[in-house]
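Using the sequences plus the hints, can you model the full thing?
4 protein chains.
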Amino acid sequence: MAVVLGPNRYGKAETRLVRVVRDGGVHHLKDLSVSTALSGDMEAVHLTGDNAAVLPTDTQKNTVYALARSRGVDQIEDFALALARHFVDSQPTIRHARVEIEEYSWERIPPAAPGAGERRHSFVRAGTEVRTCLVHHDESGRSTVVSGLRDLTVLNTTGSEFHGFIRDAYTTLEPTTDRVLATAVRARWRHVSPDSDFAGSYREVRRRLLEAFAGTHSLSLQQTLYAMGRSVLAGRPEICEVRLALPNRHHFLVDLEPFGLDNPGEVYFAADRPYGLIEGAVLTEDAPGAGSAWD
Amino acid sequence: MAVVLGPNRYGKAETRLVRVVRDGGVHHLKDLSVSTALSGDMEAVHLTGDNAAVLPTDTQKNTVYALARSRGVDQIEDFALALARHFVDSQPTIRHARVEIEEYSWERIPPAAPGAGERRHSFVRAGTEVRTCLVHHDESGRSTVVSGLRDLTVLNTTGSEFHGFIRDAYTTLEPTTDRVLATAVRARWRHVSPDSDFAGSYREVRRRLLEAFAGTHSLSLQQTLYAMGRSVLAGRPEICEVRLALPNRHHFLVDLEPFGLDNPGEVYFAADRPYGLIEGAVLTEDAPGAGSAWD
Amino acid sequence: MAVVLGPNRYGKAETRLVRVVRDGGVHHLKDLSVSTALSGDMEAVHLTGDNAAVLPTDTQKNTVYALARSRGVDQIEDFALALARHFVDSQPTIRHARVEIEEYSWERIPPAAPGAGERRHSFVRAGTEVRTCLVHHDESGRSTVVSGLRDLTVLNTTGSEFHGFIRDAYTTLEPTTDRVLATAVRARWRHVSPDSDFAGSYREVRRRLLEAFAGTHSLSLQQTLYAMGRSVLAGRPEICEVRLALPNRHHFLVDLEPFGLDNPGEVYFAADRPYGLIEGAVLTEDAPGAGSAWD
Amino acid sequence: MAVVLGPNRYGKAETRLVRVVRDGGVHHLKDLSVSTALSGDMEAVHLTGDNAAVLPTDTQKNTVYALARSRGVDQIEDFALALARHFVDSQPTIRHARVEIEEYSWERIPPAAPGAGERRHSFVRAGTEVRTCLVHHDESGRSTVVSGLRDLTVLNTTGSEFHGFIRDAYTTLEPTTDRVLATAVRARWRHVSPDSDFAGSYREVRRRLLEAFAGTHSLSLQQTLYAMGRSVLAGRPEICEVRLALPNRHHFLVDLEPFGLDNPGEVYFAADRPYGLIEGAVLTEDAPGAGSAWD
Numbered sequence: 001m002a003v004v005l006g007p008n009r010y011g012k013a014e015t016r017l018v019r020v021v022r023d024g025g026v027h028h029l030k031d032l033s034v035s036t037a038l039s040g041d042m043e044a045v046h047l048t049g050d051n052a053a054v055l056p057t058d059t060q061k062n063t064v065y066a067l068a069r070s071r072g073v074d075q076i077e078d079f080a081l082a083l084a085r086h087f088v089d090s091q092p093t094i095r096h097a098r099v100e101i102e103e104y105s106w107e108r109i110p111p112a113a114p115g116a117g118e119r120r121h122s123f124v125r126a127g128t129e130v131r132t133c134l135v136h137h138d139e140s141g142r143s144t145v146v147s148g149l150r151d152l153t154v155l156n157t158t159g160s161e162f163h164g165f166i167r168d169a170y171t172t173l174e175p176t177t178d179r180v181l182a183t184a185v186r187a188r189w190r191h192v193s194p195d196s197d198f199a200g201s202y203r204e205v206r207r208r209l210l211e212a213f214a215g216t217h218s219l220s221l222q223q224t225l226y227a228m229g230r231s232v233l234a235g236r237p238e239i240c241e242v243r244l245a246l247p248n249r250h251h252f253l254v255d256l257e258p259f260g261l262d263n264p265g266e267v268y269f270a271a272d273r274p275y276g277l278i279e280g281a282v283l284t285e286d287a288p289g290a291g292s293a294w295d
Numbered sequence: 001m002a003v004v005l006g007p008n009r010y011g012k013a014e015t016r017l018v019r020v021v022r023d024g025g026v027h028h029l030k031d032l033s034v035s036t037a038l039s040g041d042m043e044a045v046h047l048t049g050d051n052a053a054v055l056p057t058d059t060q061k062n063t064v065y066a067l068a069r070s071r072g073v074d075q076i077e078d079f080a081l082a083l084a085r086h087f088v089d090s091q092p093t094i095r096h097a098r099v100e101i102e103e104y105s106w107e108r109i110p111p112a113a114p115g116a117g118e119r120r121h122s123f124v125r126a127g128t129e130v131r132t133c134l135v136h137h138d139e140s141g142r143s144t145v146v147s148g149l150r151d152l153t154v155l156n157t158t159g160s161e162f163h164g165f166i167r168d169a170y171t172t173l174e175p176t177t178d179r180v181l182a183t184a185v186r187a188r189w190r191h192v193s194p195d196s197d198f199a200g201s202y203r204e205v206r207r208r209l210l211e212a213f214a215g216t217h218s219l220s221l222q223q224t225l226y227a228m229g230r231s232v233l234a235g236r237p238e239i240c241e242v243r244l245a246l247p248n249r250h251h252f253l254v255d256l257e258p259f260g261l262d263n264p265g266e267v268y269f270a271a272d273r274p275y276g277l278i279e280g281a282v283l284t285e286d287a288p289g290a291g292s293a294w295d
Numbered sequence: 001m002a003v004v005l006g007p008n009r010y011g012k013a014e015t016r017l018v019r020v021v022r023d024g025g026v027h028h029l030k031d032l033s034v035s036t037a038l039s040g041d042m043e044a045v046h047l048t049g050d051n052a053a054v055l056p057t058d059t060q061k062n063t064v065y066a067l068a069r070s071r072g073v074d075q076i077e078d079f080a081l082a083l084a085r086h087f088v089d090s091q092p093t094i095r096h097a098r099v100e101i102e103e104y105s106w107e108r109i110p111p112a113a114p115g116a117g118e119r120r121h122s123f124v125r126a127g128t129e130v131r132t133c134l135v136h137h138d139e140s141g142r143s144t145v146v147s148g149l150r151d152l153t154v155l156n157t158t159g160s161e162f163h164g165f166i167r168d169a170y171t172t173l174e175p176t177t178d179r180v181l182a183t184a185v186r187a188r189w190r191h192v193s194p195d196s197d198f199a200g201s202y203r204e205v206r207r208r209l210l211e212a213f214a215g216t217h218s219l220s221l222q223q224t225l226y227a228m229g230r231s232v233l234a235g236r237p238e239i240c241e242v243r244l245a246l247p248n249r250h251h252f253l254v255d256l257e258p259f260g261l262d263n264p265g266e267v268y269f270a271a272d273r274p275y276g277l278i279e280g281a282v283l284t285e286d287a288p289g290a291g292s293a294w295d
Numbered sequence: 001m002a003v004v005l006g007p008n009r010y011g012k013a014e015t016r017l018v019r020v021v022r023d024g025g026v027h028h029l030k031d032l033s034v035s036t037a038l039s040g041d042m043e044a045v046h047l048t049g050d051n052a053a054v055l056p057t058d059t060q061k062n063t064v065y066a067l068a069r070s071r072g073v074d075q076i077e078d079f080a081l082a083l084a085r086h087f088v089d090s091q092p093t094i095r096h097a098r099v100e101i102e103e104y105s106w107e108r109i110p111p112a113a114p115g116a117g118e119r120r121h122s123f124v125r126a127g128t129e130v131r132t133c134l135v136h137h138d139e140s141g142r143s144t145v146v147s148g149l150r151d152l153t154v155l156n157t158t159g160s161e162f163h164g165f166i167r168d169a170y171t172t173l174e175p176t177t178d179r180v181l182a183t184a185v186r187a188r189w190r191h192v193s194p195d196s197d198f199a200g201s202y203r204e205v206r207r208r209l210l211e212a213f214a215g216t217h218s219l220s221l222q223q224t225l226y227a228m229g230r231s232v233l234a235g236r237p238e239i240c241e242v243r244l245a246l247p248n249r250h251h252f253l254v255d256l257e258p259f260g261l262d263n264p265g266e267v268y269f270a271a272d273r274p275y276g277l278i279e280g281a282v283l284t285e286d287a288p289g290a291g292s293a294w295d
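Residue numbers (our numbering), protein chains in the order written: chain U, 1 to 295; chain G, 1 to 295; chain H, 1 to 295; chain D, 1 to 295.
Note that these hints are calculated values from the structure, not bench results. Fair warning: this is a prediction, and the values are worked out from it, not measured in the lab. By construction, the Cβ of each residue, glycine as well, lies at the ideal position given by its N, Cα and C atoms. Treat each hint with caution, since some may be false.
Said to hold, decoys possible - Capping the alpha-carbon separation at 25 angstroms, the derived lysine to any residue pairs in SDA-like fashion look like this:
| # | chain 1 | residue 1 | chain 2 | residue 2 |
| --- | --- | --- | --- | --- |
| 1 | U | Lys30 | D | Pro92 |
| 2 | D | Lys30 | H | Ser218 |
| 3 | H | Lys30 | D | Gly24 |
| 4 | G | Lys30 | U | Asn263 |
| 5 | G | Lys30 | U | Ala271 |
| 6 | D | Lys30 | H | Phe259 |
| 7 | G | Lys30 | U | Glu103 |
| 8 | G | Lys30 | U | Pro258 |
| 9 | D | Lys30 | H | Ala169 |
Unchecked claim - Covered stretches of chain H, going by a simulated chain D footprint (3 or more residues, C-beta under 8 angstroms):
| # | stretch |
| --- | --- |
| 10 | 65 to 73 |
| 11 | 105 to 111 |
| 12 | 219 to 227 |
Next up, the structure:
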């Protein structure tokens, strides 16, 4: 039996980096988890344990910290691109780099009193959602950038229906014209080019996702998903593809009749498992090929 | 050998309740996890399995939903008190009730455009912190209320020192006059009376905790803890005791010297474990006895 | 308003220690998470930030590692006692030490072939349960030891009933004479003395807990809890108190009638939340006072 | 701008099924989490919310329970295939089904005494690892089966080296000829055919993974990964591809020199993050195309 080595990569996962910028007495904060993964001439290390082509994951971690100092961290996409390019450019045996970053958001603790100056170096975690990016760069010089967010948890108390579906021998669900629709948005969007205004793009995509979720009278979560993706593509020419994964966090109306009470859409049980899971991609018709962008 | 039954309780944990109020077309949302626990005449059930004195945990769950409908949910402390009193008053075998509630915060999704009206039924999860309460009520009619919060994550990039500590044979830590101080605040505060303006109290306690964390030039996390507790007691006469648990989430300055780089308080490694853990209580001198308030 | 400092402690939580013993070519493994917490003369540090009485949590961590080397780690209770006594004995300002340890179990990877010798240095994690201990030692020389385990997950597919309970206006639960009973055992037991054969004691207590769970025809989870505690006390004179927390992991029989199928105790939905939670203590009649043993 | 719908699927995730077989008084137990996902004629539901082609996720859940009753659950791969085929065969609008199952392992609670009969209906969770499978079936009749496991946590205390790697400006890691090698194995393996003895195959693959991990003197984790994959392929002709993801759970030797102690491979700090992550595939040279098997 002949055996061959298939696709492989290695790297350092979840390097936790907090970067402070001291602008006089006013400090700024970036809080990241950085995962790097490299591919290239890796036959020897797999077959014989010869590490001559291996850049240790410890060195990858050091590089994250060193570049955070030497070039700073602004938008995570730009920092990921810089890391990926550094790795591919620095060693001939490294032919491809993949960098994934999560960013946790902070805001300034409010002033002690109205009229007091802004806090200069005190912060509080803001929001549950996490901003993400996934960057690939290879020896041919091609870079791809996917931006995203996860755990943006949203809920409509009305404006959601679900009926007209297939009924078979295992159907017990009743159609409804008014239900709670709740999900924790996992969205990722592919940029046409690695040169983009990532800060502005992120802010606007996020706004559009929220707007489409809230503004769509929904006959199914798929319809909402598509509306969210379409809204992003319609308004953001720098983006050519959106992928969404929307868990349907079921909120079941509690039957209060046994207690002599009605329940006109007021008391719900929020279930954990199982949950619906709706996944889909929306693209512009002329989206370039994705290559390894989503790997 | 003679064996006796010691302290015991039983209940339904983490009943997930979402309560919607429909004020015309404008909806309001409460998102809770409710845990009830009852004590009383429980010898028989333990010794022989005789359930005659047992109110099933399933019934406790039903009661949470029914009271959410019939009386509504406003402040979690008031809802917990209503539940606890209901249980103790409804059955002679139930002599004590303990109700613990967590509340997850939501805010309205912003309007589609400046000038557009407020969203009426669309929400997004706000913040990582969770509001909590713990209520006890017993057959003598005594009620105690502890309010609180957890996962209020805060960080000062400067204004924190640590030196002058004991040095022994196992000491390697260097003193510092400038470090990052970060923690996820777990705070609980005991009310003098079960009749309180819990909404206003919560808002002000939270503000004071943040203010004291940000406003204290810290020589140790204990000093910050005490300042936080003292500030709450100083400004809120309805509260007689504050308990705080502050994990010291270490941010280690990365040594960049091997790479020819300095690191003047800019690049940190955020460590997971181990972490410092500072716990303490601060009381008013005339605080009444706590009884079972903290159990 | 006069404010006073209440109970407090500080320490290093979750120091992850893996201790290898190299007995010639045969290696042995201990995998621990150690949490230390000290109390004593802590007024100054809280009120003014004066750290003169503070043994830094970093030093506590170092001490864990140094003692692991110098005295070795055998039973976690003995190691915790050694740590607690070291802290209290080493510094006059430390008046009380609390040490909590979790131990993760490993077993040897089986031999490559029947008849091949035992693996000498290769291990695989065994079981989901975690062995625990909680030790207190104070300046008066008193030590207390509580041993325990958590996440010992067990399930009886029959031999469990639940009926004869209170019925009120919020009752919908039907009585049953045959249900699944499942729980993740959290058990802790207090030793009469800090000098004990902790290895043998642990093995036998665990065996008795399993035996009582499996061997009790249960009319309520409280009855099972009591039987578990009583069995431990009946057979282990070194133990004077057992505390148990048993989540009732509900397994609901799925209604298959809509699909023309019966369901004679064969197909269950395992629910996450809410869950019942049964907590109780069982003591010998002559158990000495617990002091701070459970804090 | 023209927008198109890309790949999509929808289903019910993490349906928790416990299946009991009552063989006279002797009971058997299967504990599963089942996730189903369907694809097909889904344009309308995305674009207009027309659900005519949608089999609700609630119905998918019901089907899991109904088939668990009517056909029973033996090997998870066979159950997943039955589900996938049912969905594709039952509705013309469903063109592809993906079923993922996790199985949690249980063993019988040991007899009360040596010589006592085997427990008939009492179980305890065994091991931390989870058995998995991923099955695809489409309207052309093609089925693919990937079996696997996760969280098989293993550790070698010696027999692992790491040296000869690239050194660059960011390298600080020292080469070593003796280190701890620990990982939580995530392995998945693709079957040549959907007709296989999945029980025997799983048992042997697991044995080979452990054997290769323990039996390989490792110069790098990649070498160990490849040896594990190769061993599976060498011994199991029913398998054509193995994919492994091995987090390198770093165990750092603690520097005890400041305390006057040596540390000859005895005291380690087990780190959480960051961690190395080594991922790779090993295939037989004549492995058929994977199609959507890994999606």
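Hints and how they fare:
Distance restraint check for Lys30/U and Pro92/D: the Cα-Cα separation of roughly 51 angstroms exceeds the 25 angstroms cut-off, and the hinted pair is therefore not satisfied. Only pairs whose Cα atoms come within 25 angstroms are accepted, and Lys30/D paired with Ser218/H is accepted, the gap being roughly 22 angstroms. Between Lys30/H and Gly24/D the CA atoms are separated by roughly 43 angstroms; this puts the pair beyond 25 angstroms, and the hint is violated. Annotation: proposed proximity of Lys30/G to Asn263/U holds, straight-line Cα distance about 16 angstroms (limit 25 angstroms).
Of the pairs offered as hints, the one joining Lys30/G and Ala271/U holds, with about 15 angstroms between alpha carbons and a cut-off of 25 angstroms not exceeded. With a CA separation close to 22 angstroms, the supplied pair Lys30/D and Phe259/H stays within the 25 angstroms bound. A hinted pair counts as satisfied when its Cα atoms are at most 25 angstroms apart, and Lys30/G with Glu103/U does not qualify at roughly 28 angstroms. Distance hint between Lys30/G and Pro258/U is fulfilled; the C-alpha atoms sit about 23 angstroms from each other, no more than 25 angstroms.
For the hint linking Lys30/D to Ala169/H, the alpha-carbon distance of about 37 angstroms lies beyond 25 angstroms, and the restraint is violated. Given a C-beta distance limit of less than 8 angstroms, the hint that chain D covers the stretch 65 to 73 of chain H holds, as 5 residues qualify and 3 suffice. Remark: the stretch 105 to 111 of chain H is confirmed as covered by chain D, as 3 of its residues place a Cβ nearer than 8 angstroms to a Cβ of that chain, reaching the required three. As drawn, the stretch 219 to 227 of chain H meets chain D at 0 residues by the rule of a beta-carbon pair under 8 angstroms; below three, the given contact is violated.
Hint compliance for this structure: hints 1, 3, 7, 9, 12 are broken, all remaining hints hold.
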